[in-house]
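Chains as they are written, first to last, in the working numbering: chain Z, 291 to 601; chain S, 590 to 727; chain P, 355 to 746.
None of these hints come from the bench; they were simulated from the model. Keep in mind that a hint or two might mislead.
Distance condition first, Cα-Cα at most 30 Å in a straight line; then the derived DSSO-like pairs of lysine-lysine [claimed, not checked]:
id	chain 1	residue 1	chain 2	residue 2
1	S	K605	P	K498
2	P	K404	S	K642
3	P	K673	S	K642
4	P	K528	S	K616
5	S	K616	P	K498
6	P	K503	S	K606
7	P	K503	S	K626
8	P	K361	P	K564
9	P	K503	S	K699
10	P	K542	S	K605
11	S	K606	P	K498
12	S	K605	Z	K323
13	S	K642	P	K678
14	S	K616	P	K503
15	P	K498	S	K626
16	Z	K349	P	K374
17	S	K606	Z	K323
18	P	K673	S	K656
This one's a predicted model, so the numbers in the text were calculated from it and none came from an experiment.
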Amino acid sequence: MNLSLPPILALLVFPGGLFLIAGGLIYQWADRKLVARFQNRIGPRFIQPLADTLKLLAKEEITPVGVHKGLFFALPAIALAAALTAGLYVPLFGFQPASSFRGDLIIALYALSVLTLTMGLAGANTISRFSLVGATRTLTQLFSYEAPFLLSLLGPAIAAGTWQISEINTYAGQNLWLMIAQPIGFVVAMIGLMGKLELPPFDAPEAETEIVAGAMTEYSGRGFALFRLGKDVELIIGLTLVSAFYLGGLANPLEFVFKTLALLLVLALLQTAFARLRIDQTVGLWWRAGALLAVVQLIAIVLGRNLGSIF
Amino acid sequence: MSVGPMISDLLRSLFKKPATELYPFVKTPAPIRLRGKLIWDPTNCTGCQLCVKDCPANAIELIVIDKVNKRFIMNYHADHCIYCSQCVVSCRFNCLRLSNEDWELAAAQKQPFAVYYGKEEDIAHFMEQAAKTDAERA
Amino acid sequence: MAADTNKFVIPIGPQHPALKEPANFEFWVDGEIVTGASVRLGYVHRGIEKGAEARTWTQNLYLMERICGICSHVHATAYTLGVEKLAGVEVPPRANAIRQLMAELERIHSHMLWLGVAAHEGGFDTLFMYSWRDRETVMDLLEKISGNKVHYSANLLGGVKFDITPELAAEIHKGLDFLEERNHFYMKVVTTDETFIGRTQDIGTMTTEKAEFLGAIGPTARASGVARDIRVDAPYLIYDQFPVKVMTHTSGDLHGRFIVRINETFESIRIIREILDHMPQGELTTRVPRRIPAGEVVSRVEAPRGELLYFIASNGSEKPERVKVRTPSLCNWSTVLSLAIGLKLADMPMLLSGIDPCFSCNDRSISLKRGQQGPQVWSWEKLRQYGIEYYR
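If we strip away everything but chain Z, and leave its shape as in the complex, we get:
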């Protein structure tokens, strides 16, 4: 669907900005509710993520001793800004991306990585030992899943012959679902998404029972709320990207809701089924299995295209 809104409106209000934040809160609720239902519990009520955010915004923000004050205040804002910017280029809520140009796949992924980098920096900024360990783990995890995840998103890009997200979206909508055509890539993309979002079993960077809250231990009040909003926005953008590429493109809001929620259901199931992986096990898994699978998928695509052109 095409919506021609001026980019600044798209960034701040619809479909980015406030609408995206609201969507992020709804998806956080859906994720928590699904995980709870899998664990035979009731789960939070619908208004809970909004209530959490409002409560955090109303609380006192404590600046710990020994931090660089400017960085301490700026980093959460940069995180949320990066996440919102990435929303400009993906087919959010089924509408055409507000801004589209060649190579915007790289820009969108880079913006999401900036989010993770700012969280790592925020952890390294303080002198709290839990934050430092959390920051190390965040950055280690960033280095480990980034390459296979990028390669898995490259597969549809090669198939569509372009680096522009809106064109890949259109290509996916017109051809056979890439989930069937590139199954290995789909698996790597889905697991990679869990690593990117730091969902269990890849939640070693914010392991509650080991390092309290990881990089975000010292944050409270407004800073913490902004980081969490950034993560929710990342959730919805990540789901949009993977379902747009692999689940047959997002042509309208109805398709958006169905496909992203279906993907969220599978992610919630995977979240609850496993124990947490240690950070060295995560790195080992990704650099061995993840990268290998992604490369195998790429070779299969290249062979497929060339063999196809021969016949």
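Here the structure of chain Z is known, so what remains is to put chains S and P in place on it, guided by the hints.
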């Protein structure tokens, strides 16, 4: 070695009712032997005060109005009580029991926790005496 | 525990999401590898042994029960066994059978609780939720029998308070069938789930010799092949009529401890079924005098965490002279501190919970005699002043 042996259970849980009991909208009936609030029946009480001696938490106080006619008042401190039922066993005349209906004992003031058991006229008499001594002291 | 002082120290405690009770662990880490560990206990010291000297024998029964919430019945049982021995009283066999039944139900309760907590420490929240949901069954059974879900107060000096009626026995059988089926499922999860095995296998491996050297007891030692169980070595209650099989495992690592505890749960279920089917008839109590004759006694029972030891001294009056409690968790700390070195930081919470620590049980006071100093007696004021100065 399998990956995710819990997955079948998880999928089934999606369609089952959650295991949470929606108290206070749903209250399952308490078992018969539940140890709730202490209840004293003064009819058979001889004033031996074994319950007072044996209570680990000093929650029972027996006030003697008239020992010969066996008129006593029991002052039960529900906030001290640990609901162990030792007093129930210590009493040889079966005067005490722990209720299984009265167990929602939370209160916002101290006053509900000072429970007086006994005959109506005895308690009224005792309260008068207590008020008189307070007035004399003040 | 020599540690390089310019390495990183990660404090786990006194307040930490990994701990259910306060204790201060300090791990020296180099990156993610732990190079040293130390512990400070004593945050939950409540002065129970001193309080026991001011209460009568009957009142102490309930005080000892409240040393711990999850092993409350075995504390009370150890105490009454000691007092009954001092008084020279023979308890009717039906009372002992009911005590043993409650103790084994409590063991099932404790092991299922532990399974959930250890899984939570490893990030496996789903197993935590499921095992705690199923633990509600055994709590409901205990409530139906005794009237309370924790602190059952089943014991009296000289017997038990309540009887097991045939309807209750039928309900217990039904509950046990459900628990057995669920525990088979948890055994399957624990032994076959890849991620879980990756977190528990070869972590904290302790050979049999090392376990004996460090003085480990309970399921922690039994997972390393040390076949010690007070229920078999020195049977109390009616364990000689309904004997238990000692469950050991050879691997000695964290995985072995899971397997041993789930096996013990099966064994407890079996014993309870046997007791229910062959319950001895008779009375429930026998008379115990108010003044216990003078003497000293040591009473040992097998708590879910290991050997629990009570030393009771009486001087012939209504109040005890001295009650000393040595709980099993205290013996297992040295295993954690020595096994922690070389492991990764992420393994620390699981290693800590692998010994099933019960901090509330732990904190008794010990007196150290340094050099030529004789014993000192401190008044309350002096102790208070010392505490204020120490934290200034």
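Outcome of the hint check:
1. K605(S) - K498(P): Answer holds: K605(S) to K498(P) is near 26 Å, not above 30 Å.
2. K404(P) - K642(S): holds (20 Å)
3. K673(P) - K642(S): holds (12 Å)
4. K528(P) - K616(S): holds (23 Å)
5. K616(S) - K498(P): Given pair K616(S), K498(P) holds - Cα atoms ~16 Å apart, limit 30 Å.
6. K503(P) - K606(S): Given pair K503(P), K606(S) holds - Cα atoms ~24 Å apart, limit 30 Å.
7. K503(P) - K626(S): Status holds; Cα separation ~16 Å.
8. K361(P) - K564(P): This hinted pair holds, its Cα atoms lying about 28 Å apart.
9. K503(P) - K699(S): holds (26 Å)
10. K542(P) - K605(S): Given pair K542(P), K605(S) holds - Cα atoms ~22 Å apart, limit 30 Å.
11. K606(S) - K498(P): holds (24 Å)
12. K605(S) - K323(Z): holds (14 Å)
13. K642(S) - K678(P): At roughly 24 Å apart (the allowed maximum being 30 Å), K678(P) and K642(S) satisfy the hint.
14. K616(S) - K503(P): holds (17 Å)
15. K498(P) - K626(S): holds (17 Å)
16. K349(Z) - K374(P): Since the Cα atoms of K349(Z) and K374(P) sit roughly 26 Å apart, the hinted pair holds (cutoff 30 Å).
17. K606(S) - K323(Z): Since the Cα atoms of K606(S) and K323(Z) sit roughly 14 Å apart, the hinted pair holds (cutoff 30 Å).
18. K673(P) - K656(S): holds (29 Å)
In summary, this structure violates none of the numbered hints.
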